[in-house]
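Visitor: Can you make the complete structure from the sequences, with help from the hints?
Number of protein chains: 2
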Amino acid sequence: MTKEISQAVIKRMPRYYRYLGELLDDNVERISSRDLSKRMNVTASQIRQDLNNFGGFGQQGYGYNVKFLYEVIGRILGLDQTHNIIVIGAGNLGQALANYVKFEKFGFVITALFDVDPELVGTKVRNIPVHNIDELDEFCKENDVDIAALTLPKSKADTVAHHLVDLGVGAIWNFAHVDLDLREDDVIVENVHLSDSLMRLSYNIVQKKFN
Amino acid sequence: MTKEISQAVIKRMPRYYRYLGELLDDNVERISSRDLSKRMNVTASQIRQDLNNFGGFGQQGYGYNVKFLYEVIGRILGLDQTHNIIVIGAGNLGQALANYVKFEKFGFVITALFDVDPELVGTKVRNIPVHNIDELDEFCKENDVDIAALTLPKSKADTVAHHLVDLGVGAIWNFAHVDLDLREDDVIVENVHLSDSLMRLSYNIVQKKFN
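Protein chains in written order, with the UniProt record's numbering: chain A, 1 to 211; chain B, 1 to 211.
Don't take every hint at face value.
Just so you know, same-sequence chains aren't split out, so a pair can sit in one copy or run between any two.
[To be verified] DSS-like, lysine-lysine: derived pairs with alpha carbons at most 25 Å apart:
# : residue 1 : residue 2
1 : Lys124    : Lys11
2 : Lys209    : Lys156
3 : Lys208    : Lys141
4 : Lys209    : Lys141
I should point out that these hints are in silico values taken from the structure, not numbers from a laboratory. Computed from a predicted model, the values in this text were never measured in an experiment.
Guide: Here is the structure:
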């Protein structure tokens, strides 16, 4: 079933999950597609269409059961499983990721950081050890690594990424300012290009000024 | 002219800019749409179509002049101007942003950080001062602030964002795990939802496992 789900729907799923989580926090048991649509700034028909992809949980006159829908979407997103993450690059950004306790709530556990800087190697971030990058191969052989987050300079990112793929790491969360030259069949890549996002902001600022 | 450009094209612009910058670094003077397409993993016809939006700089049998195209796209993205950024929240992520020297190359200058933590207030990150959040109003009155980056807990993000809009800040770069409840007419918002990105990664991992 899930095979036919479009990438556009997948992109919206984490947002649904986030909103439903907020509703749960507020002890809301059920919600109509209309109320959900107001809250999410999406049309009610879009919501019904999206959620129908997963079997259509809404009941006429009742709406959606918040907890049930939250759990189903969580499962679809793989959040009922544990994903072990290592972070390559223990600078500020790497440390920021390691400090996000919230990720663990969704099953993402950061198990180690790696760096070349002797001042960082041997330290801990929220009890997570910073290893020397030399120990990467051994660590990947001895531990399950589902995701590697790359927070290193773009000049090194491609080499390290290829090495990680060779080590059997199946997914890369790339923060380096470069599109990694990897084959889609070998590895799943999700990019967070901070500069791109700043540039879109800047584009919209300029547009607003002159329109 | 630029009014008619679709959001999909805008989304690709920073990528073009990034690739053209790499070509410039490699002293490449011109490139055919075919070679650019190979490098960017986009079809050549897509590239021609995209770049035609900005006047069509390619010449039959010559290709694109890299430097010229780089500068034109930079101008369209507003990168020929200076954008002053303040960062609200001087934790690891805020400090990581302040440490990205590269942003300055594109005209984004971080001028101040703000926090409530007495241990952070008064310190500096790469010579950028961390102010007490109490000083935010005065700072915004006395200095040009084009963009505010929010790296604070989601419980505080909405209140602070509204306050920034009241202070006249026109653009928000939101890292808080929440969709801000702001009117599009009042302020430009660009979200970086790290959890959403992790969840898409997780979804694709699960899909790959079972397909």
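Visitor: The structure should be examined with respect to each hint, and the outcome stated for every one.
Guide: Evaluation of the provided hints:
1. In this assembly of identical chains, Lys124 and Lys11 lie within 25 Å of each other by CA distance neither inside one copy nor across copies; the values are 34 Å within and 38 Å between.
2. Taking the closest pair of Cα atoms, Lys209 and Lys156 never come within 25 Å of each other, the shortest separation being 38 Å inside a single copy and 29 Å across copies.
3. In this homomeric assembly, Lys208 and Lys141 come within 25 Å of each other (Cα to Cα) only across copies, at 21 Å, whereas the closest approach inside a single copy is 52 Å.
4. For the identical chains of this complex, Lys209 and Lys141 are inter-copy neighbours only, at 20 Å across copies versus 54 Å inside a copy, given an alpha-carbon limit of 25 Å.
Figure legend: structure checked against the earlier numbered hints; hints not met, in rising order: 1 and 2.
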